[in-house]
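Enquirer: Each chain is listed here by its residues.
Protein chains: 6
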Amino acid sequence: MATVALLDDEAAGADARAVFDEIRAARGTDYVNNFWRALAHDPTLLRATWDRLKDVMAPGALDPLVKEMIYVAVSTANGCSYCVHSHTAAAKTKGLTDAQHGELLAVIGMAMQTNGLVTALQVPVDAAFDAEARGAG
Amino acid sequence: MATVALLDDEAAGADARAVFDEIRAARGTDYVNNFWRALAHDPTLLRATWDRLKDVMAPGALDPLVKEMIYVAVSTANGCSYCVHSHTAAAKTKGLTDAQHGELLAVIGMAMQTNGLVTALQVPVDAAFDAEARGAG
Amino acid sequence: MATVALLDDEAAGADARAVFDEIRAARGTDYVNNFWRALAHDPTLLRATWDRLKDVMAPGALDPLVKEMIYVAVSTANGCSYCVHSHTAAAKTKGLTDAQHGELLAVIGMAMQTNGLVTALQVPVDAAFDAEARGAG
Amino acid sequence: MATVALLDDEAAGADARAVFDEIRAARGTDYVNNFWRALAHDPTLLRATWDRLKDVMAPGALDPLVKEMIYVAVSTANGCSYCVHSHTAAAKTKGLTDAQHGELLAVIGMAMQTNGLVTALQVPVDAAFDAEARGAG
Amino acid sequence: MATVALLDDEAAGADARAVFDEIRAARGTDYVNNFWRALAHDPTLLRATWDRLKDVMAPGALDPLVKEMIYVAVSTANGCSYCVHSHTAAAKTKGLTDAQHGELLAVIGMAMQTNGLVTALQVPVDAAFDAEARGAG
Amino acid sequence: MATVALLDDEAAGADARAVFDEIRAARGTDYVNNFWRALAHDPTLLRATWDRLKDVMAPGALDPLVKEMIYVAVSTANGCSYCVHSHTAAAKTKGLTDAQHGELLAVIGMAMQTNGLVTALQVPVDAAFDAEARGAG
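Residue numbers (the UniProt record's numbering), protein chains in the order written: chain A, 1 to 137; chain B, 1 to 137; chain C, 1 to 137; chain D, 1 to 137; chain E, 1 to 137; chain F, 1 to 137.
Next comes chain A alone, as it looks inside the complex (with noise of 0.2 angstroms):
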């Protein structure tokens, strides 16, 4: 149950068309999921958003499956239950393996449990972690 109707091809306009031929391109599939049919109602956000993943998610700095996990982090913490499913799954493909999925769960769960920690303690930040006073970037 969504909060507006998933758009099929047909039902896009020529614009939404153009971005779900681009996704389709990209990934070398003709499925097009659930969340880019959702936007399709908006092509200027459809695009805005398609244009701008590309980017971030590519090849960098960063191995494309470490922005996979990341991804999924931050989906975790936010509650995200499409989100957590669409980039474990993107992350599958892009190589995960069972054991590397274990310790992104075990950081995960760290993170969350000393997060929680920290907040009901309040705990002040150390100088030391100031990259101000550092002159560090």
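There are no misleading hints in this set.
Identical copies carry no separate label here, and so any pair may be met within one copy or between two of them.
Straight-line C-alpha distance at most 20 angstroms; calculated EDC-like pairs for lysine to aspartate or glutamate:
no.: 1; residue 1: Lys94; residue 2: Asp30
no.: 2; residue 1: Lys54; residue 2: Glu22
no.: 3; residue 1: Lys94; residue 2: Asp126
no.: 4; residue 1: Lys94; residue 2: Asp130
no.: 5; residue 1: Lys94; residue 2: Asp63
no.: 6; residue 1: Lys54; residue 2: Asp21
Keep in mind that the hints were calculated from the coordinates and are not lab data.
Based on the hints, put chains B, C, D, E and F in the right spot on chain A.
Expert: Chains B, C, D, E and F in isolation, oriented as in the chain A frame:
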């Protein structure tokens, strides 16, 4: 300002001090950061947290720097200021470059954005993302 | 699947039914949605919630449609699926157009993104944003 | 730094001052904390919040100290620094011992961790947990 | 729909099955819920999670029922649907009455509300709440 | 205290300075706030964020003040202190009155409260809220 006093070595009990010493040895520094000093009121919790953190963050199927980036990602989505500071500092110690930091930020920002779009649209999970149906791990 | 049974008019007590009837009258429909049926186990909580909701969402300095969009924004950031569905539906009933819905989504996505960037960067608040210093309300 | 000025007794209007006085009487202290002074710009909101808080936190089926611990737990998961500080202080006033504080922290940390694991794994809810099927309240 | 298959006793390895058997013994039931079956892909994570959960939720300075309510509170603020279901069910098993459930809900709702007000107002923490200044634990 | 140094005009590179100048021109002030100075370490991210923000917050189907209130609502639910400060200040610049501010706070508080109640109750979504079934956009 914290919800408990931060215990220095003298104020901490013997059990807490033993953990402080393990932290010093593991990190090759005399400095023990505020998180551990706040936890020292409950030596059992301090011990359990340190033992588990040490295991989880050790090199394994994932690189220690990758683990720190995942930690930063979770802490950011949870809005834990101390955790963002301490694990960004830890990532820099483990070799995070400015270019990697920039990409980490970009992925976190992108994930936050699409998390919001997906949730506002309530996009239903594609059957293609179902691990159980794939019988996969 | 809920953590309590949803009470129909018969199962609900007289106090809860009285609230159901006020909801029907206020909305001009016989339909009482699941939220109220779940709250009906605790008529005091049901009454307090309905009375306050009615006041808060009434026309005032802000337009009722604007209030519904703010409600959707909070519910999205909190990841409350039911709330996103119910208040998006309410916004449509109050006149939300497709173009407005698209812009609402874009603002939510942008806010989520910059929230993440700001938190990962731990940007200190500019003195210029200090209401107390301005002596302003 | 706040988004509104904190109103002292003189700056607050008569309606806000009346609430301040009720807070003083209820707590047996002359001190009115910042939260109420920030809310005082909108006496209706101040009144509604204080009236409801007083009812909700009163002794009932749950002990007032238990209620404060639940409040700390929610505030921690929401990352509300002020709320963690004020309700931890309130819990101490109501008798929270150091041992109880330690266990509260441990439960919060554990819950945060398993919340993360469950969400990253997207574990489907067991039919056994369905209150509706049990016909239970 | 999960991101991993749920392992039954046969599919789980010997180490995971040993944890399953401890869960059965501790709870006096043959039923092992989905969370543990999802974790069984990583027996080390399964073991660490179960061992710690057992310790943390054991009777101590806080009553087991109080601990379950704190767990529900954290899980609610994190929006973890599975966790809310499983720990509400556990709380009922440990004696949560309908009246207590109603008050738990009311406190959670109140805390969520004031968390939002405090954060939107950016109320600065009162010096009176400073545990360090009080030299207190 | 930030995780990166805030770059003044001199320290920022030419690409970042070009964005600073666009911000100055668009806002009719010489002041560039800390967020942009922190992003300036990564001119690509700075450029992408500014370009998109400018488009999204421009007048359109929604009023700019309404957009700022939605931004404050999201930032509040995410607990982003800087964002709440900066967008509350922006909203005041765009005409937010004290009465509107009070109602914004009341709606945010109400939404937070019912989000918590709905999640703790795990209320199933009413079929009546299904946009797909309605064939609606």
